[in-house]
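Engineer: As a plain string of letters, each chain reads:
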Amino acid sequence: MKNQNKLRQLLMLLFIISIGFSCQEAEAPEEENEVEIFTDIELIFTAEDGTVVRALAEDPTGGLAVNSSFTVQPFTLKANTTYTLTFELLNRLVNPVEDVQEEILDEDDEHQMFFEFTNNAFSSPAGNGNIQNRDGEINYLDFDDNGLPLGLRTRWTTGGPLENGTFRVWLAHQPGVKTATSSVNDGDVDFDITFEMTIEE
Amino acid sequence: MTKSLYLGILGLFLFLSPLWAQGQASLRGIVYDAQSKEPLIGAIIQLETEPKIRQASDKDGAFSFEVQKKQPFNAQLFYMGYQTQEVKLEPDKVNLIFLEPDETSLTAVEVQGEKFRQDGTRSLSISNIGSEEIGRNVTASLGTLLGGIQGVSFASFGSNIQLPIIHGLYGNRILILNNGFKHGFQNWGSDHAPEIDIQSAESISVVKGAAAVRYGPDALGGAVITESHSLPFQTGLNGSISSGFQTNGRGYNSGFNLSEGYDRFSWNFGGNMNIVGDRQTPDYMLTNTGAREYSIYSGGRYKIAENLVARANYSFMRQNLGILRASIGSSGAALIRNFEADRPVIIRDFSYDINEPNQFVTHHLASVKLDWNPWQDNYFSFRYAFQSNAREEYDVRRNADLPIIDLNLTTHDIQADWTHRLAPNIEGVIGGQLLAQSNGNNPGTSVTPFIPNYESFRASLFWVETLSYQNSEWEFGLRYDYERNSVAGRERTQAPFSDLFTFSNFSASLGYINQINNTTTFRSNVGTGWRPPNMAELYSFGQHEARQMFGLLRYEEDSEGNLRNDRVVPIAESNVQAEQSYKWVNEIEVIGQNNRFSASVYANYIANFIFWRPIGVVGTLRGPMPTYIFDQANAFFTGLDMTYEIQHSGNWESRIGGSFIWSQNVERNEPLINQPPINLNYELAYSKKNVGPFDNLKVALQPMYTFRQFQAPREIQIRDLIEGNVQIDLSSEIFDFMAPPPGYFLLNGYAKVEKGKFAIGLQVHNSLNTRYRDYLNAMRFFADDLGRNIMLNVHYKF
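For the protein sequence lines, the chains are U and V, in the order given.
The opening position of the first sequence corresponds to residue 1 in full-length UniProt numbering, with each subsequent residue numbered one higher.
The opening position of the second sequence corresponds to residue 1 in full-length UniProt numbering, with each subsequent residue numbered one higher.
Excised from the complex, chain V in its bound form (with noise of 0.2 Å):
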């Protein structure tokens, strides 16, 4: 860690020094990335020379020696997170020099944006999570730990399920792209998470900004990127294996992973098992909060010639997650017991069972890839997947051993494009995507379906292109989309209803970037962006879990302003629209000699914006039952997201970051509802090498600082409601059925020490075991948030 951290610096420190090297013979080359083949910015490449000479590769991987006798030198090549490889350079020839991605290193450091900027992305503003990262965050999900970006945080519902939020938006406006597909899962509602082992992953990166032209309608609001393991040629057996196990919920996991590669093949094999029992506060059990989750992993990747490679991946979850038993009411009147008792209603003593409420769900996604690279600076990349994902969730109710939800989803995605160079300065990438989705209800759920049955199919062409001129690059795109529904449902009598429909549009972005001068890089990216409606947006119906919810075609309003549902709207008749986004995005990133700094502001325009919003509560004969609507709106959103890293001397290091957001629903303005609150964040990290009888060690603590969500829609209590002390009707200005918690403050740390293979990994989260609630947390309704918890792990890579 300390190592490379140190390399990095030294490297950013010689890449801004200038040159004074005068003489005969110029050695010159190029780095690359033996894997992606992509270039590698910031190599450093260390001249075997007395005194030696370093320089770091550019942009493009370049770099350049002037050397006074005209002779083979010796160089050592470092990079974050590669193998150091010794080369001979030739005089007055270009060296190519590939770097292998160092698996077995415990101190693969985070990698920093350009690795992983691809054609359509390069002006947005991108950031990274290693696996050194990943790693450290054993049991976490996918949503808390990119919660750690600026910019990025999670809407969860209770400590089992965590979406990612990016810049205010959730849900299906965020693609999880899971090593090159669309994650094909049930992405509607803040209940849903990815089912994506992240332990699996080699890197995560998130797209803040529009990048539908390059991903699609569901990158609306950005996109979040995994990348599995990059199956190195040339590889010896290695591996890893871990075990971990944490304090709050007595969970333990443990995982493992092999990898190996000949000169034409390579493989590997991994798997993880998580679980965790109920969770707890400061003060009570979190009852029926338990997890159980498994996974496995597999790929291959195979040399067919030269210049084609094939891959293939496959990987499978399956989660048992429970949700907190107080938050369910079987009926109206229960539940508004659970939002208005100050503690949760049942509270059981400790246990790993997980009873309804609960989700079940497993998830396939096998995939094949050919790249082919026919000629110089023209890759064609042929892919395709196949995912299946079945969910059961599970309600408390007098039924409660038939699922509620029972759901298969099955994707298909095929994907083609050219990565092309047409000329010095000008490459891009042209692309076709064909996904094909097919929804279907499984009968014996006892319940309407709360979403219909569908057959969905979009297909898509896409063309990025960028422009290298002196120091700036100018980015195009434009993309089309083609989306075709089909679908079939049931009415509230059972009577069967079905629509057809179909939407397609443009989208386009202009982005360019400019490296102002050594130290400091701008980026700015206008894009315009759509997205069609889901199916849950349009069709949801009926009570699950905390709520009752009617999706924007399952009510209409009368003449004389009523609500009714008595039919399902056909969408011809009906007003609803694609939302339609605007957005603009600015980034400046300066990078000094012992810091770095970024900050990027954006301004987002969405029309006909689709949120769900409480409408009242109705009477029923089970009691009272809160009731929400999707709606549409105009909104705006603009924010700004800061990082300052600083090293301070050898040993210390520290970074502070904050995000701010603010949003409004402009066509009638007022707040819009669950969006992020403030947030601060800073790190103190102290790392040195060769401690006492480790070889390695870091200590960092991390206190945050949430405040409370000032531009919340105001309070109507429940009660209010239900004795009749306030009228809401579809003008009604929006409300929520609880003001949002006050700011809270939490302390993290963690501390790891490395010696040879081993790691041991320590992790506290709310250490001081504050009690506090999180406004975009589901379950802060009911309960109060997750108290201290250390997670004590052990790491063996060979």
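So here's chain U without its partners, still in its complex pose (with noise of 0.2 Å):
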């Protein structure tokens, strides 16, 4: 009899115990930003007049559909013209919108841009640039702190006029594996779009 009063205790105990975890519900995890992501990428070529020529690669998605696709804008440059090459890099899935390239500054001495061209589109850098060949003429206009150079900011003197060119550019992500010689073959590749460029009179 005493064994049965127990029996039914721990029956109860059981009864109560599982009313409590069926009735659990679960929250939502808190909002994450997702900062690994660009939606765009958009080179800005200054010239010395300041002309400004805008190239815009968009991904709307930051690449995380399973049908993700992005867009590229083709450009024109002027021939004989010497520009300077800037970026704007953003993450517009987060709120609100992130400026990639700031992080990139932080960890400059993990960053390298690199480039690949038409060969000879440009009078300075010549050449194809140094993605195919690491010591392809670049001409860099910042450096990190161990004055390794980073590509945010270039310089580019067209040649002469140029249809159905490409531009190609590889943002090198290399933690620790940032020297003199390393190249697109080191680390991991942040984005690598290739745009297609004109080059006109």
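It is worth saying that the hints were derived from the structure and are not from the lab.
Just so you know, even glycine gets a beta-carbon here, dropped at the ideal spot from N, CA and C.
Be a bit skeptical, because a hint or two may be false.
To be verified - Which stretches of chain V does chain U cover? Using the computed rule of at least three CB atoms under 8 Å from a CB of chain U, they are:
hint : segment
1    : 427-438
2    : 448-459
3    : 485-493
Said to hold, decoys possible - Far from chain U by the CB rule (all over 10 Å, computed), these chain V residues:
hint : residue
4    : 83
5    : 597
6    : 639
Said to hold, decoys possible - Here are the simulated BS3-like pairs of lysine-lysine, each with C-alpha atoms no more than 30 Å apart in a straight line:
hint : chain 1 : residue 1 : chain 2 : residue 2
7    : V       : 52        : V       : 70
8    : V       : 37        : V       : 52
9    : V       : 52        : U       : 6
10   : V       : 303       : U       : 6
11   : V       : 69        : V       : 797
12   : V       : 69        : U       : 6
13   : V       : 69        : V       : 93
14   : V       : 70        : V       : 303
15   : V       : 93        : V       : 52
Both chains are sitting in their own frames, so use the hints and assemble them into the complex.
Structural biologist: Here is the structure:
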């Protein structure tokens, strides 16, 4: 009899526990800022006379969709003109919109921008850039704390007219492996975009 | 080792011998395990008469001698892995003999099946790994250790993470029952191995078949059961210390275990540590494949009354597991470069450092058990366990110091069952279980949570009854499970979503065992099982490690056949259904005088089988990203496992085994992905007692061959997808980014010597330093598998 009472108490306890467990409601996790993402990568060519040429590569889903795709605007530069190339790098998926460039500047010793373009499209730098060949000429205007090039600011002097040219930009992320000889084959790729480029008289 | 083996074979021989003794009186008895109170089959009872008469206990642990004189006889009892005991057998009564497990024996041998068969699994195919084999593989993970069993293989995610695969099924179709409780961990994907220190286990058994009736939906594909220290009473302080070194990864490990048993109380305490640096292939270092693992475990057992025993256990494990650096790219372009490179793109000098990508996990398990035996043949067991699992995973990314996955999972598990004997030939067990799991994402990962928060509750009832009739046994089982899940997560836009859903179903099984003759046993089991989809299968979302993954509810097909993932689909609107399995397993086992043969054949149909597969490469500003989705289809698995063991002469023995599995997506008539290839293995062992200065010597060679997986999906290279040479949509035939690697031959081996309380073991893996890649290793896309590894281990037991 005593045992039966205990058993009844135990069953009662189990019943209460199961009611307790079975009514739990999950709460949504806290909102996160997707910081790994670029939605907008814009090239800004500023000529010495102040003319600005912009070209936007845009992925509104930040690559997070099962059907992600992106658009790349072509751009046209003037022949025999010197430009300074800067960037606008944004992540519009977060609120407020994040300027990813600030983070790259904070970690300048881990990043480097590499370029590849139609051979001899520019009079300076000559050649086809430093993606295929690490030692290819690029006019870097900014450097990290170790004196190595960063590439958020570069100088370009166009050559003569060009049609169906390409201009490829590759941001390498090289934590701990960025050196004077590190190339696109070292570390990881933050982005790699090829723009269509025309040069006119 | 040799001694026990010899005794075992002798036992078998005697078991098969006809009994010729005739006489005036009978000496009868039953032999039990003093801990579990289970009858021991095949224990040897030797009457100290002239000449000595021996007999082995039968399947109920019983024996019976006919003797000439009605008087007490002295007898000795031998059983593998138990202390030898001398008893006085009284005539014409049932002598009950309890054998204590032999904790200090270095020679404890693999204990064959019967000891661990629980009700509800008798008619299934079960394999065991005993303490000797566990102790020999000090640094092995649960997955690799079990991979030696026919029909069991393992899927790996590099050299530190291995999950067991039973008959082609893995992940949360395989229940990991740690010390009686479902191991409460992030059991999803191929990259989460159970955080169990196998060195704290005394034995591990694998139930190959639908054990769902006994253990619930998680055991749809089988179960892996680890048993911790048996905590015997009345044993002096004993323990062991071991320490070892391995060449590949320059790893070192050490561990200890202490236990003591008084009249009413016993305890144990132990711990292990394992530190490995970067491993290497025959040609290069595998950068960032080091591991650091620490564990402690402890238990106590107290006899409250003669028929009431309480037991408490606690274990803790902490792991930091490195993952091959070259397996991950912070962008798709980098990842594709990793895919296409012959050698990993990042190879650094050897280091013990573990950087990103890595997994940092801690697991606590605290449990209490109460065993009550109020009447003869009636056992009640109450068990409760609390588990807390914290997992942080780090990826290579700009915010690498933040975990990309940061989850806490707590599990409460309450079980009660009643083991009974209703009639002399009917016995069974009725039980129930309440399982509550709560999963929470810790904030601060800076990515949309890969899986949502959830509260999951399951209530289950089961009933298993075994009916013995002559040489046959029939086993009936029925189970009902109810599961409720409350889910809350974040969409891509960070908008919250939530869902609430329940699943419930019956499972049933019917088993048949026939002892055809003295040497041959036939087992057959037909079972149904079901399994609700797990959270990762439903809600996986985002880029992690080597892939971008979308769960069943994270994508949908629009009217034009395009994939979309603008929203999380409520389960009620989706076509998602629980898996439903029907499995038939047959096993025949023939035990001869000096050989043993077993073969099992199975067929398994799983409706709504859930699997992940590549769906293409999406374009992103960071480069093309290989993308995978979860999918459901009806699947069929069939296969054969075989083992043949033979004792050639006193010192030589060998074992040959092989397993074959054929599987198909029968709905679309195409292969399944990541299924185990055919495997053949052989072991030739030589053992001898009293060799030179040593008490025991054992040397074994273990050649094995794994075939190329010829049932793999077609290959479509990432480059072809990027360049648009191939178009893929939901109805396209399944493919993989890389063809399966060629078959490979490995030569492994070990040697072990024992002297008194010392043992030294030497083990070699991949002794020929063969270059190979394993189809089931996710790292095969990026690097070769491990080169030669020599492990030296010293063991002292007292």
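Engineer: Against each hint, give a clear statement of whether it holds in the structure.
Structural biologist: Tested hints:
no. : hint         : result
1   : 427-438      : holds (count 3)
2   : 448-459      : holds (count 8)
3   : 485-493      : holds (count 7)
4   : 83           : holds, 36 Å
5   : 597          : holds, 47 Å
6   : 639          : holds, 34 Å
7   : 52/V - 70/V  : holds, 17 Å
8   : 37/V - 52/V  : holds, 28 Å
9   : 52/V - 6/U   : violated, 53 Å
10  : 303/V - 6/U  : holds, 20 Å
11  : 69/V - 797/V : violated, 43 Å
12  : 69/V - 6/U   : violated, 51 Å
13  : 69/V - 93/V  : holds, 14 Å
14  : 70/V - 303/V : violated, 37 Å
15  : 93/V - 52/V  : holds, 21 Å
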